[in-house]
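Participant: What follows is each chain in one-letter form.
There are 2 protein chains.
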Amino acid sequence: MAEYIESLQRLAEKFGSLQGIGKKNAMKMAFSVLDMTDEEAADFAQAIIEAKEKIHLCPICQNITDRDICPICADEGRDRKTVCIVSDPKVVMSMEKVREYKGLYHVLHGVISPMNGITPDKLKTRELLDRINEGEIKEVIIATNPTVEGEATAMYLSRLLRAFDDVKVTRLAYGVPMGSYLEYADEITLYRALEGRRDI
Amino acid sequence: MAEYIESLQRLAEKFGSLQGIGKKNAMKMAFSVLDMTDEEAADFAQAIIEAKEKIHLCPICQNITDRDICPICADEGRDRKTVCIVSDPKVVMSMEKVREYKGLYHVLHGVISPMNGITPDKLKTRELLDRINEGEIKEVIIATNPTVEGEATAMYLSRLLRAFDDVKVTRLAYGVPMGSYLEYADEITLYRALEGRRDI
Chain B
1 MAEYIESLQR LAEKFGSLQG IGKKNAMKMA FSVLDMTDEE AADFAQAIIE
51 AKEKIHLCPI CQNITDRDIC PICADEGRDR KTVCIVSDPK VVMSMEKVRE
101 YKGLYHVLHG VISPMNGITP DKLKTRELLD RINEGEIKEV IIATNPTVEG
151 EATAMYLSRL LRAFDDVKVT RLAYGVPMGS YLEYADEITL YRALEGRRDI
Chain A
1 MAEYIESLQR LAEKFGSLQG IGKKNAMKMA FSVLDMTDEE AADFAQAIIE
51 AKEKIHLCPI CQNITDRDIC PICADEGRDR KTVCIVSDPK VVMSMEKVRE
101 YKGLYHVLHG VISPMNGITP DKLKTRELLD RINEGEIKEV IIATNPTVEG
151 EATAMYLSRL LRAFDDVKVT RLAYGVPMGS YLEYADEITL YRALEGRRDI
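Protein chains in written order, with the numbering used here: chain B, 1 to 200; chain A, 1 to 200.
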């Protein structure tokens, strides 16, 4: 029946194109939209447009934000000498939940993965080097995922940053279980990993 | 961090308001939207608006459709003497997958549930009686879910339809496991249930 209702099918396909949403769930979600009032549906559509329109990358840390400079970079109370390098904005969210880290971030937007055509120049490494060249940063904490690709990226960065004699380069401790993803780690594990960070 | 990005938070809330979507998944979906191109996001928003705009109830069977009369009611090849009563458009989808049923449908849009304020007059029973009064229908198959509320609705309908001497009222056989929902039943179970339907 759904195949007859083109607009329902089309909406289900849109939901199905989102990360982690299967066919059955996508159809359920499309039906949920039909149960909304016209106003709620219009609001929903508007939320999609607005999120795309308003959210861009912070020119300093490359994290997503809806302001000129993201609230973390703009916060005068944060330690501007320490920068934590993460692969993804979601990891910043997880780190911020720990409420222990007071430094800044740098979001790479990916990890090195030659198989998928992601070479170092596809990441925000140039922006990182520019920041370090300004001279204020004294410690860089590499917080990529403890996966093969995350480790390779950490290795690459540690070599790249050796050129800066006065910058300490550390890596999150192996409190985070190998093969997992930082964005799903619990606060305590992340806190331990942060505490036990070591030179690289 | 997400709490700083109002438009992202708002989008995640919209996704979270859909049936069966938890908080974590809603946020993942919102991030998925950020990964879309502007065009894809606009398409997605448009799909929501269009589904709401174009889809309405078929004036005959009360199923959802984007045409004047739904394709099933409009199909001359179908048996117009038999009507299958279901609670929900999703059940029509499941029944149609069996490819065995050739009659028409009537969608109640709910089941009797006094606890939730759903009394018989909130369902599409008046429209059903109007159809039966036209005199063409000879058999009504009650295919509500085999749950407490579905059974109560079946009971109510069977009593209501006793007034029509020349209309046979049947119920799906208990091929469908008790306590489950028809929309998730597999084709074979539904087929058996259809085959073994009995007088009520």
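Worth flagging that the hints you see were computed from the coordinates, not collected in a lab. Any given hint might turn out to be false.
Since the list gives no way to pick one copy over another, a pair counts as held whenever it fits inside one copy or between any two copies.
To be verified - In the EDC-like style, the derived pairs of lysine to aspartate or glutamate whose C-alpha atoms are separated by at most 20 Å in a straight line are:
1. Lys122 - Glu195
2. Lys54 - Asp43
3. Lys28 - Asp75
4. Lys90 - Glu13
5. Lys168 - Glu149
6. Lys28 - Glu13
7. Lys54 - Glu6
Participant: At most 20 Å between CA atoms: does that hold for lysine 28 and aspartate 75 within a copy, between copies, both, or neither?
Facilitator: This pair counts as neither: shortest intra-copy Cα distance 42 Å, inter-copy 26 Å.
Participant: How would you label the pair lysine 168, glutamate 149 (within, between, both, or neither) given a Cα cut-off of 20 Å?
Facilitator: neither (22 Å within a copy, 66 Å between copies)
Participant: Which holds for lysine 122 with glutamate 195 at a C-alpha limit of 20 Å: within a copy, between copies, both or neither?
Facilitator: neither (30 Å within a copy, 60 Å between copies)
Participant: With identical chains, the pair lysine 28 and glutamate 13 could be close in the same copy or across copies; at 20 Å between alpha carbons, which is it: within, between, both, or neither?
Facilitator: Close inside one copy (11 Å) and across copies (17 Å); limit 20 Å.
Participant: Using 20 Å as the alpha carbon limit, work out where lysine 54 and glutamate 6 are close: within a copy, between copies, both or neither.
Facilitator: between (31 Å within a copy, 9 Å between copies)
Participant: At most 20 Å between alpha carbons: which applies to lysine 90 and glutamate 13, within, between, both or neither?
Facilitator: Classified as between: cross-chain Cα gap 17 Å, same-chain 25 Å, threshold 20 Å.
Participant: Could you place lysine 54 and aspartate 43 in one of the four classes (within, between, both, neither) given a Cα distance threshold of 20 Å?
Facilitator: For lysine 54 and aspartate 43, the Cα distance is within 20 Å both inside one copy (16 Å) and across copies (17 Å).
Hints 1, 3 and 5 from the earlier list are contradicted by this structure; the remaining hints agree with it.
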